[in-house]
Amino acid sequence: MQKYIFKRIVQSVVTIFLIVVIVFFLVRLTGDPLAMIVPPDAEEADVQILKKKFGLDQPILLQLLVFLKSAARGDFGESFKWQEPALELVLSRFPATLELAVSAMLIATIFGLSIGIVSALKQDSVYDRVGKTFSLLGQATPSFWLGVMLMLFFGVKLDWLPVSGRGSLLHLILPATTISLISLASIARLTRSSMIDALKSEYVVMARIKGVPQHVVVLIHALKNASIPILTLMSMQFSYLIAGTVVVETIFSWPGTGRLAIQALLARDFPVVQAFVLFASFIYTAVNLIVDVLYALIDPRIRYQ
Amino acid sequence: MNTDNQKLLELRGLRTYFFTRQGVVKAVDDVSFTVEKGEVIGLVGESGCGKSITSLSILRMVPEPAGKIVGGKILFKNENLLEKSEEEMRQIRGNRISMILQDPMVALNQLLKIGYQLSEPLKYHGKAMGQIREKCIELLKKVRVSSPETRISEYPFQFSGGMCQRVVIGMGVSCEPDLLIADEPTTALDVTIQAQILRLLKRVKAEFNASIIIITHDLALAAQICTRVLVMYAGKIIEKAPVKVFYENSAHPYSNGLIRSVPVVGRRVERLYSIEGQPPSLLNPTAGCRFAPRCQKAKRICNLQYPPEVILGDGHKVACWLYAEE
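From first to last, the protein sequence lines stand for chains A and B.
In this text, residue positions in the first sequence follow this note's numbering: the first is 1, and each later residue adds one.
In this text, residue positions in the second sequence follow this note's numbering: the first is 1001, and each later residue adds one.
Hints were generated in silico from the structure; no laboratory data involved.
Be aware that one or more of the hints could be misleading.
Said to hold, decoys possible - Straight-line alpha carbon distances no greater than 25 Å define the calculated BS3-like cross-link-like pairs of lysine-lysine that follow:
1) A:Lys-224 / B:Lys-1123
2) B:Lys-1113 / A:Lys-200
3) A:Lys-200 / B:Lys-1068
4) A:Lys-200 / B:Lys-1123
Claimed, not checked - FRET-style restraints, in silico, Cβ to Cβ:
5) B:Ser-1147 / A:Leu-18: 33 to 39 Å
6) A:Tyr-127 / B:Lys-1299: 23 to 29 Å
7) A:Ile-290 / B:Thr-1192: 43 to 49 Å
All of these numbers come straight from a predicted model, not from anything done at the bench.
By construction, the Cβ of each residue, glycine as well, lies at the ideal position given by its N, Cα and C atoms.
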């Protein structure tokens, strides 16, 4: 088990390193950042001074080395646009995004699992049909439309909930619901199909033959076996919620990393983009690592390999 | 001799149908038999003849919503199981009637410890409160699993097929049931392991004084362990006989064919014997004897009307026109 975790950690570190290097080159393909900072009529000498200041006059491989060296110390340089340390900028925005992502994930998990399990148990019943239709609509509804509609209904018409900004728990409800819907729908659909397979299996028949009560059969015997693909999906969905909340953050003026990343990218603010990508890939690999450990906890065959 | 005291289970005209898009599949069609205390019944027949569905019907575990018990009575200790609520049935399953499935490797949950799975019947039937671990170790000893103290915290994938079947049998007998149904208990195992499992079943029977229904297509196995044999063909029971009578004097042409199909070691034959043709589809079966199309002794009436059950001797009954008045 420890060997398994150690192996996964080493793999994660390698993955993050490779992502950072690739992103380093990719952002530089987007164009010259100075073109965005310097006014068009600036003196050539001033441009050279700025180039030197940001280290952009060096050969690219040397820039990479310098970048990696300082990155290893946690220093991602200063934002071209905001003149603040890049990593701090990303980190300062992160709690907002995490708050949104975790709440959305909670909503998606609780409702997705429940809808999926009920659908699987009452296959082809009215519940199943309602659940299936809801899941299909959920996956097909674009979040920018849903966000605006929810705002219109609960914020403007009923005036129950605040429509923008971050603050109380009430502020969280609309954006979290909006971004959770797609995850919720996909979790519900996968749970339904995995549970249908699990409920048909011999070990479930055996458990019922033993006189195990229905809720134990469903939640322990079947759900445990169905949970591995569901966990995989959930980890992907969570990463998506962390890195992909740009639209919803924009609609609801949520001060998270998604909005920051878009602003930085448009300004060719390399340090911030790099810090953001590194951070996102760190979260991504961390989630994967946790899920790998969870797999091993659920399935002894992985643990004893 | 057939007093109600000795009667443990009685099926009366059981009908279990499957309602499919193609039509109604009559998997179990008017099946009646009794199981007395301490008896070992062999329910014999080809794959798909309705043996397993009969046993699942007894436990009221026919796969729904397609499958449904549409008629008859299942009297267990003189109580009709078809009138029990789902919760009452749960309390009977694994407790008074238990069942062993064919393939132990898939019947055990791969993600749960052997000890946990073994303890479930005890736990949910209120047996051995507080001392479940000791009870499980004792059970593993009884089914001859070596070093049970350590194996109890292992997982099924760490067990061989034969060992898994021992565990499944252990689960089956943990609450000392009155009736144990074994659905092809040795089919998925090696021949050498089969003999061991068979011996184990005999021991278990002696120790717990349970009645056993063994579902099998293996006549040799039935001969070794059963006291009575029921032959099932296309959803109906066509012959019932004490085991000795059955092997020496089987009456139904299908039973005769089955016995002739068993290869005998040491006898040289050009070709192994087999019954011509295929079992009929259970979808909309004919009104006549279902074996008639394959039967070499079939008469005109065989195709027109289902034969009545004829008593040939003590406990020997056959459903065949060869023995009945037209």
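Exercise for review: Determine which of the earlier numbered hints do not hold for this structure and return their numbers in increasing order.
Suggested key: As far as the earlier hints go, 5 and 6 are violated by this structure, in ascending order.
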